[in-house]
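Novice: Note that the protein sequences, when read in sequence, are chains A and B.
Using full-length UniProt numbering, read the first sequence as starting at 1 and increasing by one per residue.
Using full-length UniProt numbering, read the second sequence as starting at 1 and increasing by one per residue.
Hints in this document: simulated from the structure, not taken from any laboratory.
Some clues are possibly wrong.
As the list makes no split between identical chains, a pair holds if one copy fits it or if it spans any two.
[What the hints assert, rightly or not] In silico lysine to any residue, SDA-like type, Cα no more than 25 Å apart, as pairs:
#1 37 / 17
#2 231 / 89
#3 37 / 186
#4 231 / 210
#5 52 / 121
#6 52 / 6
Number of protein chains: 2
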Amino acid sequence: MTGTPAEVRERFRAGLRVPTSGYCPGWTQANLLSLPKADAYDFLLFSQRNPKPCPVLDVSEPGQRSASIFSGDLSTDLPAYRVYRDGEFVDERSEVADLWREDLVTFLIGCSFTFETALLEAGVPVRHLDAGSNVPMYETNRECRPAGSLSGPLVVSMRPVPAELVATAVRVTSRYPAVHGAPVHIGSPELLGIADLATPDFGDAVEVRPGEIPVFWACGVTPQAAVMRSKPSFAIAHAPGHMAITDVRDAEFQIP
Amino acid sequence: MTGTPAEVRERFRAGLRVPTSGYCPGWTQANLLSLPKADAYDFLLFSQRNPKPCPVLDVSEPGQRSASIFSGDLSTDLPAYRVYRDGEFVDERSEVADLWREDLVTFLIGCSFTFETALLEAGVPVRHLDAGSNVPMYETNRECRPAGSLSGPLVVSMRPVPAELVATAVRVTSRYPAVHGAPVHIGSPELLGIADLATPDFGDAVEVRPGEIPVFWACGVTPQAAVMRSKPSFAIAHAPGHMAITDVRDAEFQIP
């Protein structure tokens, strides 16, 4: 969908509730996690120790409803939110303004949607974009490095890539370490503990055609998996695939 | 100097006190900052907000004398340390074992020495290596983004690069974002507030020859400048240029 980030955020604030893959191409999308200040050090350390799934792009001040890369309202301008209490997913809603707290620190975390534009430009098709669906995401059998009270499994997103384009997909996404970077795993989903690609833990299944290899990237839903495992008293996150659209261009995160 | 990281650390533990540029080529060197746990969140946030000067490679548990990328003793195995009390530089010593505290959190921060091997391989001369001296470092007039109680100026290291190789130096170092990455400034030291390249704030001056451009990279001494400005009650750091030699290969930090 076209429009500036501010325009698109306004539509989300007005109630539009859709996955954001393909929205505002060229503008960086971000995962959101808001935690009480008491848990903020542990999460920042968790992200430092797990930079592939948790590349932190920005951190708000406690209670702040915006961030330096997000001039909108963090509590209303995403298409959908998930609310966790003691690690329990208790609600999914289109805004969380009434739940905001003065001690909430918000983390904006890089999202693989950022490199999808670069993949398309390099001629690598992105199936879930063609299908108009959400990217499939899976919990894996790989553990993140714990930090303080936080631990949890690595969550990955998957894109089927034609075998002859896998190397291109690696090369292109390697250049975006701040948005998950190179794949963590290529082929052999069973080695990640994924029994069936057709039943993702988050998002929508996509077709994997003959001659295509499932390619797995670290996913910014990993923090939510850590919340579910580690049970902080309170947390707000984006609904998987329903991201924060920031005021920063993807090109800012390209290396070199 | 040749030898494994463990062997070289042992020599430093025994008292050898030299700048580490050129030591253990291929093995990653790191800046050290140890702060009381009470200041750790502010510093981790400072580093997230200032990733070019403060790329955190590893964080210890409180009181821990090693780290996952450093199997030696953090309190004895660097060639020299600086001790700060209330932001005041009070002592430089070859070890700090007796000053270690159970609440100290140690941050290991990427160092530009890592990309010097890559510069040499690309045919870019590194003057301070040829001269056998420490790299020159300068405080600048650029402010870091503050975080909590921490603020301070950007510190940079400088290498003179022949004009025809400046683009190569940018390209090569861009691939190492975890160790300061691309230069922050090329030429025109006066725009950084550096009045005289011959009088660095840290390290040794080097000759800038005709046809050479001074190229400036963000420097891991920046955290020490923040300590001096922000005055946490206690801090230990490496002596500038006298780094922690880790157990990780430089290649780990190369993108893509």
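Novice: Evaluate each hint against the coordinates.
Specialist: Structure-based check of each hint:
1. 37 / 17: Neither. Shortest intra-copy (29 Å) and inter-copy (42 Å) distances fail the 25 Å Cα cut-off.
2. 231 / 89: within (10 Å within a copy, 42 Å between copies)
3. 37 / 186: Neither: 37 Å inside a chain and 39 Å across chains, both beyond 25 Å.
4. 231 / 210: Neither: 41 Å inside a chain and 62 Å across chains, both beyond 25 Å.
5. 52 / 121: within (23 Å within a copy, 28 Å between copies)
6. 52 / 6: For residue 52 and residue 6, neither the intra-copy (28 Å) nor the inter-copy (28 Å) Cα distance is at most 25 Å.
Of the hints listed earlier, those the structure fails to meet are numbers 1, 3, 4 and 6, in rising order.
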